[in-house]
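**Student:** Given chain A, work out where chains B and C should sit, using these hints.
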Amino acid sequence: MSAAETVRLTIDGVGVEVPKGTGLVEAALAAGIEIPVFCYEPRLGPAVGACRMCLCQIEPGPPKPQAACTLTAQEGMVVRTALTSQVAAEAQNATLEFILVNHPLDCPVCDTGGECPLQDLTFRYGPGNTRMTFPKRTFEKPIPVSPLIALDRERCILCYRCTRFSEGVAEDGQLVAVDRGAGTMIATFGDEPYRAPFTGNVIELCPVGALTSTTYRFEARPWEIQDVPTVCGMCPVGCNVNATTREGKVKRILSRNHPEVDDGWLCDKGRFSYAHLHAEDRLRDPILRVRRRGFEEVSWERALDEGERLLREADGRIVTALSGSETVEQAYALGKLLRRGLGAHTAFFAEESSDALDAFRVPLSAIRDADVVTVVGDGPVVERAPIVDLWIKEARRRGARVLYELDEEAVRGAKRAILIWCGHGGHGGATVAALAQRLGASGAFYIPETANGRGVCDAWSCSDDAESPSPDPIGLLIVSGDEAAANPDVRALAEKAERVLVISMFQGLAAGWADLVLPGTSYLERDGTYVNLEGRVQRLRRTVIPPVPDELAWISKLAERFGVEVSPYPSLVFEEVAAIAFGGIPFGGIGERAPLPTAIGATAPIDVPAEPSDNGGLRLVRYRPLFSGPAVERVRELDFQRPQPEAELSEQDGRARGIRNGEEITIRSNGTSVTLRARLSRELRPGVVRVPETFAGDLKPIVEISK
Amino acid sequence: MATEPRLIVMAGTEESDLTRLAEYEAIGGYRALQKARGLTPQAVIDEVIASELRGRGGAFFPTGRKWAFVPKPDQNPNPHYVVVNADESEPGSFKDNEIMARVPHRFFEGCLIAAHAIESKNVFVYIRGEYTGPYEILLAALKELEARPDLRGDVTIVLHRGAGAYICGEETALLESLEGKRGQPRTKPPFPAIQGLYASPTVVNNVETLATLPPIIEMGGAEYAKLGVPDSRGTRLVSISGHVERPGNYEIENGTSLRDLIYGLGGGIPGGRALKAVIPGGSSTVILKGDEIDVGYDFNSLLKLNTAMGSAGVVALDDSCCMVQLGIRISEFYEHESCGKCTPCREGTRWMTQILRRLESGEAVQSELDLLLDVCDRINGKCLCPLGETAAVAVASYVEKFRAEFIAHVDQGGCPFGESSPLHDVLAPVAVHSPATVPA
Amino acid sequence: MSTYYDEVQEIKARYPDWRSAALPALRLAQEQHGYLSPEALRECAEALGTTPAFCEAVASFYDMLHLAPIGRHMVEVCTNVSCALVGAQRVLENFEQELGIRAGETTEDGEVTLRPIECLGGCGWATVVSVDHHYRTHVKPEDVPAIVQELRNGD
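Line order of the protein sequences matches chains A, B and C. Following the numbering used here, the numbering of the first sequence begins with 1 at its first residue and continues without gaps. Following the numbering used here, the numbering of the second sequence begins with 1 at its first residue and continues without gaps. Following the numbering used here, the numbering of the third sequence begins with 1 at its first residue and continues without gaps.
Possibly wrong hints are sitting among the right ones.
So the derived list for chain A, only partly shown, Cβ under 8 Å to chain B, looks like this [as the list claims (entries may be wrong)]:
id, residue
1, Ala47
2, Cys51
3, Arg52
4, Thr70
5, Ala91
6, Ala94
7, Glu97
8, Phe98
9, Ala177
10, Arg180
Just so you know, the hints here were simulated from the structure itself, not pulled from any lab data. All figures in this text were calculated on a predicted structure; none of them were measured in a lab. The beta carbon of each residue, even a glycine, is placed where N, CA and C say it ideally should be.
Only chain A is shown next, with the shape it has when bound in the complex (with noise of 0.2 Å):
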């Protein structure tokens, strides 16, 4: 770095060099010396000065103590902290001694104590007394602000970081403050819940117990668990995650800080969906179908055997159909069983990939540094990949253009610009790698519905070379995962299939239409890797041990009496997978925030098939909403998550028909019809109208709409 660029302050006779620009709190980090915060969070936003716990001696300046949160660094500036300004240290302690006035010090019975900056904080820098004598605030609590978080005004320090966050990082407008001065309250309008994609970021930003994960709350002490770090397996960003776990279960999922990937923000499916680990239709035990008396529970070793018998009996005639949620170990692993044991080389994908766009890979963060930003394909971004909504959100904050229908002439003229495909089509990431190939864009990305949908092909696709054609009629349809499961056209290729071998966590999933059903397991629960939307290879990590062996340990079994070698360690796994589609990186090399892989230019020009064009009417896009699916569906505080009976359409389209908000729609295509709530949207083209799978009924792809 030049020298240009940095500047050298003191701070407590400590030199340090710094880029311009860096704040105060970071640079005391740099010179191994603590500024202590309360308010201070820089995903928040600008600093806010609220809490004046950072207050230090600083020159120039006026004598009395600033908020060093507030400020940056600059050449010269000399900085005394606590440590060696009794100025700072009286003016720290006196913040301490105002916030912990009306706290009520309940620390036994909180569920932060432990790990709260407040205790820590109060230790090292506060009153070691009280001299308040009178009558503490007092509030009513705890408040339920949603079936998920729960609310103690009394613990309160209005630091006003979960407000922040509603209002400036989530843009939810839900959680905000009311009433003034010392009657302040954290607060969701009237009776509502707090009922938005992120909410659950509020209880790790709270810097006290006053925000509490009511599925954590009283489970656990602080020095009775452990953190395992892990990636979510609910959506195609991967999240970077810790699973706190306590005696071998599940306790809570927090977030990672993976800057390029996350920055710190989970949503609430990948947050509070771990209870479906503990559903009451969880399979312990392989269920077999059994002439005329139905379906009994069964050893695993008869469930081998059965196995071995319907793979045999299907005489190569087989179909797998892939979730897309395997790790890249076990789709490879079944994959050479499948295909070098048993020559089935037909596997049914959820959707397509498409390596093209390898060569516009960037990070998710460099939607945040675009200056045009569009997004292609018509689905919803928050409901298929909602940290990316809040990249999204984050560009136009910082003053990037915002589009949700191609504008060609902002893409040229843009100097970053970045394309997002979201929705059904674009073949796998084609499309959009073609357009950004053609525009100039800088990134691009392509949203899948599955969470390894892309690692699941590249592993499929590596582990044989050979190819025979799809078999008529199938001897056997192997169902991998529940996604796969839970989807219809695969349900419906079952209804043609001899024989059905499941692979599934849930009784309500599996039982009733598989020959076979064997118990699956969680992303929470395995060992292995996923590769995200960006083609990140990333490690999952087991957390806690599964009911039932996971599927590599009985893949390598099975695969053992076909004489197909595989092991059943994901580590070993890996390496072939990698030899052939990851550069031969090694498992132990990934580590806990997984690198980019660089990019790979494109030569010659993408080729794309055409897509259908649109005729008269609007066009209908069906979605699956966040909130649904088979983990979340079995996790009841998820329930007012749910999907509501609404349809989204443009402003544009909203106006030209008279349509206001939250007002009643009726939506046709002939013959059919659904009632629905309007909710007009910046973020939708005019021409189209989205509707969540669960309420679209038999609707065509063109409606009209009207009052």
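**Tutor:** Just chains B and C now, with coordinates in the frame of chain A:
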């Protein structure tokens, strides 16, 4: 000197109804604007710098210098804004109320001169919500002005009404409120001149400051600077209230003695009582004892007594008043008006009130008096904006100047004044706990 | 006749940013609904293009915006220092007596809400009483019955 003030801001009000555009023009109104428009923006700024005019809202910052901080349009292409602080809410001050009500056109003329100086096309007047009377007068005057493109030029003036929050008189809180948010102050820097309304270059000026501009432009900055005393040039509208015979607003030349204000213009203390104390510049200023009034009413003279003109609200208190009760009332005011953003103000003002109430009840021990001063000390200098700090400084000054009276409350186990003090048990909004709801 | 929604759109047009219309829009909603009921806040949010929670957050910061029902008339007695020094407390108490309610309450017929208020900016004309947002100045305790009578007689 105090008895024959030279009217600058209020000039012409004795003879004419200056709320009417015709009458204002008849006495030469809007000529200063035409003169200013004939000058370059920089020349107008220079003229105001030469006048040594300082802000009349309370902070007393040199107006011309404030304007000079605003980047030129070629340095920052964002729209530039003139925002008027007409949120007068400081207990003791009611001068802007009268200025808007009586010389609305002089005020608007000042707005347009300021707009010309910083090359702004947009003026927002943030007028406190309770000021229905002045608002209606301004509205009528604005209608007249809008019908005259020759005067208004291409500048748009928007009247924006507040909704009841003292803190919105703090300039950054005012900007937040004008942006439609909760009126909580912003941290500075960045200063409004650089990033103000909608993050664009903005000057925030007080009503009186702006109403002083037309006479300055008309007579020339140097001429204006001949009035008053060093560092406090020109005239000032002083609000005199409390225990005086003739309360009201008086335009005085800066430097007039405080004694003249109270005993001359104010007509002295009613009922033959003795003057016990004077709040010299609105509730947020350090109190003066009755024998400290032989001082010039100007910045430097009052600074020597560690106090200030503030927003020029002079409140006289006679010897029937209990200083602990005064402390309660002032502390409750700041507690009620604390925005709740920063910790020391939010928690500290509430604690101050609690301690003061115990002192008044006679249940306090000596150490709690020290605790009160310590709490004040711990608020002072630690807050995000001046609100909490002035509360602490003002209340601490009551203790320091009337310590014997505070100690007497402890020693006697009660208030020596009790109900005989007019400040006894005054109900403050913060103390009202029953919500104003209609019975079911 | 223009609707509330349309009026708010006009207000929004005065400002470079829609948010600035929040206070005028809330004031207007209060004038139409009597107070800022949940429905009024929802309507306001819809017209502004924001959430009801945002509207409540803003409204609850300001003393003149009411989130609970108030009387048809509002009587606000300044009890800050200058007014208190010349007898504001007795004015307030006389209002309590005449109206038969305590400060902060509303008469049972829903006609009048009485409350003390911080400095109204009329210190030289003490005691200042704001009746339906118009100032009465130099109010003496003995003036109170007439003011109450006037409110009761008025439409």
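**Student:** Next, verify each hint and record whether it holds.
**Tutor:** Here is what the structure says about each hint:
{"no.": "1", "hint": "Ala47", "verdict": "holds (7 Å)"}
{"no.": "2", "hint": "Cys51", "verdict": "holds (5 Å)"}
{"no.": "3", "hint": "Arg52", "verdict": "holds (5 Å)"}
{"no.": "4", "hint": "Thr70", "verdict": "holds (4 Å)"}
{"no.": "5", "hint": "Ala91", "verdict": "holds (5 Å)"}
{"no.": "6", "hint": "Ala94", "verdict": "holds (4 Å)"}
{"no.": "7", "hint": "Glu97", "verdict": "holds (7 Å)"}
{"no.": "8", "hint": "Phe98", "verdict": "holds (4 Å)"}
{"no.": "9", "hint": "Ala177", "verdict": "holds (7 Å)"}
{"no.": "10", "hint": "Arg180", "verdict": "holds (5 Å)"}
The earlier numbered hints are all upheld by this structure, with none contradicted.
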